[in-house]
Amino acid sequence: MNSTGEIAAVPTATRPSPPAAARGGNAPPLAPYVLLAPAMLFFVVFLLLPIGYAVWLSLRATRIEGGSILGRRVERFVGLDNYAASLSDPELYDALGRMLVYGCIVVPVMLGLALVFALLLDTPAVRLRSFSRIAIFLPYAVPGVIASLLWGFLYLPGVSPIRAAAQAVGLPVPDFFTPHSIFFSVSNIAIWGGVGFNMIVLYTSLRSLPTELYDSARIDGCSETQIALRIKIPLLTPALVMTAIFSLIATLQVFSEPQTLTPLTNVISSSWMPLMKVYRDAFVTNDIYSAAATSVVLAAATLVVSFGVLTFLQNRAFGEDR
Amino acid sequence: MSASQIVVPPTVRPGEETSDRPPAARAAATRTHWVATVVLLLGAVYCLLPVLWVVIATTKGPTELFTTFSFRPSFHGGFTGNISDLLAFGGGDFWRWGANTLLYAGVGSVLSVAISAAAGYGLAKYRFRGKEALFRVILAGVLVPQITLAIPQYLLLAKLGLVGSYWSVLLPSIISPYGIYLCRIYAAAAVPDEMLEAGRIDGAGEARLFRFVGLPPMLPGLVTVLLLQFIATWNNFLLPFIMLSDNSKYPMTVGLYSLLNQGASQPSLYTLVIAGSMLSILPLIALFLLLQRFWNMDMLSGGLKG
Numbered sequence: 001m002n003s004t005g006e007i008a009a010v011p012t013a014t015r016p017s018p019p020a021a022a023r024g025g026n027a028p029p030l031a032p033y034v035l036l037a038p039a040m041l042f043f044v045v046f047l048l049l050p051i052g053y054a055v056w057l058s059l060r061a062t063r064i065e066g067g068s069i070l071g072r073r074v075e076r077f078v079g080l081d082n083y084a085a086s087l088s089d090p091e092l093y094d095a096l097g098r099m100l101v102y103g104c105i106v107v108p109v110m111l112g113l114a115l116v117f118a119l120l121l122d123t124p125a126v127r128l129r130s131f132s133r134i135a136i137f138l139p140y141a142v143p144g145v146i147a148s149l150l151w152g153f154l155y156l157p158g159v160s161p162i163r164a165a166a167q168a169v170g171l172p173v174p175d176f177f178t179p180h181s182i183f184f185s186v187s188n189i190a191i192w193g194g195v196g197f198n199m200i201v202l203y204t205s206l207r208s209l210p211t212e213l214y215d216s217a218r219i220d221g222c223s224e225t226q227i228a229l230r231i232k233i234p235l236l237t238p239a240l241v242m243t244a245i246f247s248l249i250a251t252l253q254v255f256s257e258p259q260t261l262t263p264l265t266n267v268i269s270s271s272w273m274p275l276m277k278v279y280r281d282a283f284v285t286n287d288i289y290s291a292a293a294t295s296v297v298l299a300a301a302t303l304v305v306s307f308g309v310l311t312f313l314q315n316r317a318f319g320e321d322r
Numbered sequence: 001m002s003a004s005q006i007v008v009p010p011t012v013r014p015g016e017e018t019s020d021r022p023p024a025a026r027a028a029a030t031r032t033h034w035v036a037t038v039v040l041l042l043g044a045v046y047c048l049l050p051v052l053w054v055v056i057a058t059t060k061g062p063t064e065l066f067t068t069f070s071f072r073p074s075f076h077g078g079f080t081g082n083i084s085d086l087l088a089f090g091g092g093d094f095w096r097w098g099a100n101t102l103l104y105a106g107v108g109s110v111l112s113v114a115i116s117a118a119a120g121y122g123l124a125k126y127r128f129r130g131k132e133a134l135f136r137v138i139l140a141g142v143l144v145p146q147i148t149l150a151i152p153q154y155l156l157l158a159k160l161g162l163v164g165s166y167w168s169v170l171l172p173s174i175i176s177p178y179g180i181y182l183c184r185i186y187a188a189a190a191v192p193d194e195m196l197e198a199g200r201i202d203g204a205g206e207a208r209l210f211r212f213v214g215l216p217p218m219l220p221g222l223v224t225v226l227l228l229q230f231i232a233t234w235n236n237f238l239l240p241f242i243m244l245s246d247n248s249k250y251p252m253t254v255g256l257y258s259l260l261n262q263g264a265s266q267p268s269l270y271t272l273v274i275a276g277s278m279l280s281i282l283p284l285i286a287l288f289l290l291l292q293r294f295w296n297m298d299m300l301s302g303g304l305k306g
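Going down the list, the protein sequences come from chains A and B.
Counting along the first sequence from 1, when you hit position 58 you're at 58 in my numbering, and nothing is skipped either side.
Counting along the second sequence from 1, when you hit position 71 you're at 71 in my numbering, and nothing is skipped either side.
Read the hints as simulated data drawn from the structure, not as lab findings.
One should not assume that every hint holds.
[Claimed, not checked] Which bits of chain A does chain B cover? Going by a derived footprint, with three or more residues having C-beta under 8 angstroms, they are:
hint : region
1    : 177-186
2    : 243-256
[Said to hold, decoys possible] A few chain A residues that face chain B, going by a derived Cβ cut-off under 8 angstroms, partial list only:
hint : residue
3    : A31
4    : F46
5    : G103
6    : V145
7    : P234
8    : V296
9    : L303
[Unchecked claim] Far from chain A, by Cβ distances over 12 angstroms, these chain B residues were calculated:
hint : residue
10   : R96
11   : G106
12   : S116
13   : P216
14   : S248
Model, not experiment: these values are computed from the prediction.
Backbone N, C-alpha and C define an ideal beta-carbon position, used for all residues, glycine too.
So here's chain B without its partners, still in its complex pose (with noise of 0.2 angstroms):
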């Protein structure tokens, strides 16, 4: 898989005006380079390929999904029905766990780029005892698995008598060590000391300082941490699936997954399955590509350069 065997320089075919180009530059700028185009076309086809699927499987009733072919697309009003059925199943499950997942993901990263974002401005712009350690066991939270977490979260919540409860899933949720890791980085790269030596001469207390000085230019990145906080909340599927029991608290993921779970034996389920993960994914990928100006990946990998 070296890069060699793909980035192919465009070649210079029989016949072609070259000779009196400069080397290289201009050519390579001017004339479409295909054998990239296309590789990155197939990977996009790759990427692609899937959602399409769920769409167009989206329009085949129970019966035929699993007798036509699976990427024509069928117009015998499958697509209707199985939207009713979908949104009808369970009483209204379907709406109930979209709710629970914006609750979850939305509510849940915003408070945490809240903390993570007044720990990171902390760590970044002040010294004092102990900053350093209480910064490396910060980092090393990042790599602890979440089934050594999940399992010990669950049987303290117990024990609160909060297992089952929007809380279980919320209150885990909200502590990120990768949050407060890119918050420092941020903090350190986008918030002036200059700045806060000039407030604190001017009798600032360092309330305001943070709100007024420190904020402000940490915004755009604060913005790329909720998105990935909210992204990571809503991929969360251990925790929920281990903290919840009742079917109206789930988010979507664990939601979808019982009902392919009953769908082993019940396959008219499958088109069910389908449809939800069809209509689950287009507002996620529509707020996606609305947003994607926020994706701040400097940020990401700029953390290693310093």
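Next up, chain A with everything else stripped away, as it sits in the complex (with noise of 0.2 angstroms):
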């Protein structure tokens, strides 16, 4: 890792940076604050302060005072019986455990199919390169909502032109909507949206490698197989491991493909995924605390896993310029 690091460390873009003294050496202290204001506003009125609203809401709930049905309904500070009741609640490990099957669907598969076609499209002698470069971007352009109605009219019975071709043909009709099919079906509307935008950003990055390396390679008698494998792909790490942080992110806030399916089929319950049961708490139950207590878990969590990950990235891009 550390040598690879070492030789992707030196892209061509890059100046060497002047020494520290020199920047901003004589700069008066006041501007980077007033340039910095404007985001830092925006960030803590949307950004911090709703979460430690949401961590406030999570220790509150309404609870009935002065006796059975005619009590009033109050709001007062629970504790963490929000948090009790929510990790206690087996709906919620249903949705993770569901998530974590879709996770281990799309992150590898997209990123294979991404690094496949990154390497090919970086191969010699590839024909109709750019049309299958910009095909394959393509989807990236279609938001996920729309992405899900089309694929959802492919599976759905009566319309789906698989399923009629599937029949045409004679084999078995394939049925998208069953309550193990449906993690596949879920799982290829992501993949057909992300794979061109990690291909892209994964091309790029082999693109900026030095070339001069394949030619000594060829030279020795490496195949394009042996480049891609020995060569290409060490290099490539930096970049992979991006997008698949981000394809990680990505997978824990699934919302939006699952939700748009649900008027086509009923094997999506409204707690299919994490995200979809605090919105049902939050929104259909009318439940805010205890959907407060559940975001707040999945934000904590995710930030316990993607945080290691993160301080190593921050480490290679801003390494040197502390």
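With the hints in hand, could you dock these two chains into one complex?
So, in structure tokens, the structure goes:
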């Protein structure tokens, strides 16, 4: 890892950074604060404040005070009750389990395909290269909801051309909406939408690698396959790590694809994915407090999972200009 | 899914003249790499097929949709019928959704890039107390799940009486930790410190330096950030889904979803959903193809290599 990092750390675009002392040496101290002020204002109001509010809400609940049915509903502090309830709710674990299955399909398949496509694009003597590149990148322009609508109809019995084609050829007709196949149906939508973007990120970093390496490898008798496996993939590691992290974050936040399919099928329950459960708790059953607790738990889990990797990334990216 | 299964080197067929060539290099450059070409074309077909299907499906009237083979276009006036039904639906809702989407994504992304550029430049080109801590906090913001924010954002905006208004979708879309992160990378790489120093020696103020020395080299990168942010806002479903209840303020995504939802009990609406999906992605795809050269991905992947 270290050695590949050092090779990767010589892109043509970067210039040697000036000595630290020269950087902003004479700058008035106020300027950076003014430049950052608008961003920080929005950051505080629409990020930090809501998070704080979510934490505060998660510690509260409405309880009925003064007798049974005739009592008033009062909002009060309940400590960690909501967390206890949330963490002992089997529905949450079912949803997390489904998310795990979904993530185990989407992340490896999407990144695997993106890597294969990127390496193939970078192979000499490929025909129709730019057509393929643009076509595979195109779904990125299609919003997740609309991608889900498209695929939803491609899955829907009665409309699906895939089912019709299978029937015509005499193959078993696939059912995309069974409790098991639905995982693949939803994953496919995410893969379709994401593979091109990741391919382009990987392809771009491939193009920034020095080609002399390949030439000398070819002269030494390396095949294109060996060049891809032994030279390109190791050098791509930083870009692969980054695409993997963004895919993981997207997996943890999956919402619109399964939500959009719900009008078309019954196998996606209202708590199918963790965020769908949070949405239902907050806006359908109107239990804001437990929804807040669950979302705080999810956010904390996301941060814990990603923090180590992110620190690693940040040191890579900015290690030199501290 | 390892690359070795697919990246097969071109096989040398018997009888082909290869012996006098220098190894691999020239051969690889002149002969079409068929396996790679075919695999890439399969990928292209997979990515294009749903788009092609939706165009064909739009040509079918409500009854044909369920009775004729999906990939056979129909020429019985279904296309014009669907489009005019769609445009007339709810007294022009579809137009309104399109205009709203442009408003949210267009205005939102321009404002977002403006504040991200200033912040990224500030982080890259100045030393000040708390800089690294601040940057770590912003980076952590990339990871916060949207729903964690959406619920309290909804409640906070409800307190301000803004829920259901254009502001409730526009304002939260403006902050983009990822945009700030990218702008910092771009400012660090593109804006030379020497020029800033020279400007300071000549007596230029910091505002002028930002405007005339900092911004110009950052522009290509800012276009990329703008596109990313535009697509992110255009894609965003959860935020408007939660915030808005008035049909006439919906963006396209929520509008089409609500149409599909009604279609569950009224399948004739399905043709409208299909026509709507088609009409809404075609301009996006056109825009996307036109602006292709601005997809400056060096920045996205280059961020790791510094």
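### Task
Mind listing which of the numbered hints don't hold for this structure, in increasing order?
1, 5, 7, 12
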